Amino acid sequence: MVFSLKTRIWLTVFSIVIMFTFFTLYYFPAQERQLLLKNYNTELQNLANTVAFGVSIALIEQHFEGVETAMQFVKDDPRLQFVSIVELDTAWSEDRQHYNLEKKVFKTFPETEHPRPDIKSGSGIVIKRGAFASPIMSGDILLAFSTKDINESEAKIRHTSLIVSGIVLLIGILLGLLLARKVSVPVLALRDAARKISEGDLSQKVKITSADEIGQLGKAFNEMVDDLDVARKELHKNNQELSATNARLNNTLSELKSTQVQLIQSEKMASLGELTAGIAHEIQNPLNFVNNFSDVNTELIDEMRIEIEKGNYEEVIAIAGSIRENQDKITHHGKRADGIVKGMLHHSRTSSGQKETTDINALADEYLRLSYHGLRAKDKSFNATLKTEFDKTAGQIKIISQDIGRVFLNLFNNAFYAVMEKKRELENSEMGNLGKYEPTVFVSTKRSDNQVEIRIKDNGRGISEKVLDKIYQPFFTTKPTGQGTGLGLSLSYDIIKAHGGEIKVDTKEGEYAEFIIDLPA
Amino acid sequence: MLTAVFLLFFQLSKSQDNSLVAVGNHTGTPSEMKYSELKAILMGETQRWKNGKRILIALMKPNTPTGQTTSSRIYDMSGDELNKFWLALVFQGKAAAPTFFNSETELEHFVAQNPGAIGIIDEPVTNDIKVIPIDGKTPLNL
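Keeping their order, the protein sequence lines are chains X and Z.
With the first letter of the first sequence counted as 1, position 107 gets the number 107 in the working numbering; the numbers rise by one all the way through.
With the first letter of the second sequence counted as 1, position 131 gets the number 131 in the working numbering; the numbers rise by one all the way through.
FYI, nobody ran anything at the bench for these hints, they're computed from the structure.
Source: prediction; values computed, not measured.
Heads up, a few of these hints could be off.
Said to hold, decoys possible - Okay, derived cross-link-like pairs now, SDA-like style, lysine to any residue, Cα gap no bigger than 20 Å in a straight line:
hint, chain 1, residue 1, chain 2, residue 2
1, Z, LYS94, X, GLU111
2, X, LYS103, Z, ASP80
3, Z, LYS94, X, PHE106
4, X, LYS104, Z, GLU81
5, X, LYS6, X, LEU177
6, Z, LYS94, X, LEU80
7, Z, LYS94, X, GLY66
8, X, LYS470, X, THR440
9, X, LYS103, Z, PHE85
10, X, LYS104, Z, PHE85
11, X, LYS104, X, SER123
12, Z, LYS94, X, GLU68
13, Z, LYS94, X, GLN81
14, Z, LYS94, Z, GLU106
15, Z, LYS94, X, THR108
16, X, LYS107, Z, PRO133
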């Protein structure tokens, strides 16, 4: 339950008034009554003792003035109920062998009262006893006084307390009103102003009516609103500037994306350029076959014409068979060249983004050869051993073949570049001796439960520790300017991730580098 | 020595005589009274003279010979009973307390000094007080 400030003030004042009323109406009168009773008891006991002393003197000395004076003092007291002489008498048994001490009232004033000798204090009456002893008589003076005066005093105190409580309540109400006016009203005004400010209205100001803490709070609030207004205007201005900057950044980003696309395309074309030599070599080979077999067929046709003119038809049939065989070979190599050209076109096309079932072993082998022959076309002196270990069970997996082919091409190019560089370093070293070094690029595939692992390893220079964590960053390259875009491994990483796969590297500087690709099968 | 023996004999003969005399102050007391009036005064029943003056009673203590005679002859009580009698009267405010004396001289002096005072003694020895005949007789004929 949440109480408003005004309610809390009222509750506080009310609680204080209630506590004060409790003390004035119950606690203080009760304390006063106890004090009065205590004094009353003492006073009565003294009176009883005085009368008892007077009686003793009267009985022993026959001096009755003491009794007379004491009794006069008692009788004149309006609180007196009665005063009695209780005599202690010896009551013997009939055989005079035993006796009991019995108390009996000897005389009482006023005579109309007949108290029992063992009477005790009760409601509205206080009994006090004063002992006396003489040879003539022993006993107690029994003094009974009314508590009427005390009750009246207590009632008077309560009455006064009630009036005081009423006055305190009135003061409390006035105090509550004053506090509500001085505290609650300004605080509520602050609350309302704060609400309007939270709704965006910064023109709100509170009226300052005092110099106390509430007034200081209002002043601080107004200053805060002013500061907030200034800050909001600055924020608005900064926001506008930020929006303009953001628009510029968006333009820049669009330009960057466009540039990135162009760069990717450039990288693609660069790799295509590197492929061109290899492709040319690949096409040249079947073209040689086509040309050679065409030349052979031309000669065989000339021979067959001569044999026809001779009428040697058996020989004609044999030559026709050879022509047929050559024609098959021409067709085979022609189709092979066609396939290479189609592959090149396939590579150069923008990725369709659609996965298709692809023979991963064939794709790896194709790009291994393309890469190797591409390098060989540039540098006839370069030779490398190509080792493959394809797992036949790797089979067909669903991939975007253009993209994965691009990954293979990047990794093979890097591998051949690494072994080529290492060979060159060894040749240029002081020893000038390759020793047993044999540039080797090894590619293997392996199928496990739900994925295919492709390993591409070279025994080139390896990758140094310093650059190992940067190799997947865009535009990072260790190749000389103009020989690498720095996008190869970055794009490869993105492509493998887009396939839900993983690419890792294992290397030892100066000895080898091995890239391990895991693709979901 | 002879005088002393005579005085002792005289005193003893007086006490054995057990005569009582009512004496009063020259002022405020009557010249004679009836026994019933005296008895009413001594019992606390009459507390003022006819002229309205307050009656002051002077008695010998019950442990004196005259006191014992007074208790037994006038009050028909023992000394203790007389004490209790007066205690009851004084306690209940029915009568003003009498004044008890150890010697008759003191008693006579008290009576002589207080107008309206009346006392019972064996035999007056001073003229400062007057003897009040009771039923025309002195001493009291009890």
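- Item | Straight-line alpha-carbon gap Z/LYS94 to X/GLY66, limit 20 Å | It holds: about 16 Å lies between the C-alpha atoms, which stays within 20 Å.
- Query: Keeping to a limit of 20 Å between CA atoms, is the pair of X/LYS470 and X/THR440 held or broken?
  - Reply: 25 Å, violated
- Query: Do the alpha carbons of X/LYS107 and Z/PRO133 lie within 20 Å of each other, as the hint requires?
  - Reply: 35 Å, violated
- Message: Against the 20 Å threshold, does the CA-CA distance of Z/LYS94 and X/LEU80 hold or violate the hint?
- Response: 18 Å, holds
- 20 Å Cα cutoff - pair X/LYS104, X/SER123: Status violated; Cα separation ~23 Å.
- 20 Å Cα cutoff - pair X/LYS103, Z/PHE85: Since the Cα atoms of X/LYS103 and Z/PHE85 sit roughly 19 Å apart, the hinted pair holds (cutoff 20 Å).
- Message: Check whether the Cα positions of X/LYS104 and Z/PHE85 lie no farther apart than 20 Å.
- Response: 16 Å, holds
- Take the C-alpha atoms of X/LYS104 and Z/GLU81, compute the straight-line distance between them, and say whether it is at most 20 Å. 17 Å, holds
- Query: For the pair supplied as a hint, Z/LYS94 and Z/GLU106, is the alpha-carbon distance within the 20 Å limit?
  - Reply: Between Z/LYS94 and Z/GLU106 the Cα gap is close to 26 Å, so the pair fails against 20 Å, i.e. violated.
- Message: Please verify whether Z/LYS94 and X/THR108 have alpha carbons no more than 20 Å apart.
- Response: Between Z/LYS94 and X/THR108 the Cα gap is close to 12 Å, so the pair holds against 20 Å.
- Task: For the pair supplied as a hint, X/LYS6 and X/LEU177, confirm whether the alpha-carbon distance does not exceed 20 Å.
- Result: 9 Å, holds
- Does X/GLU68 lie within 20 Å of Z/LYS94 when you go C-alpha to C-alpha? Judged against 20 Å, a Cα distance of about 11 Å means the pair holds.
Of the numbered hints listed earlier, those contradicted by the structure are 8, 11, 14 and 16.
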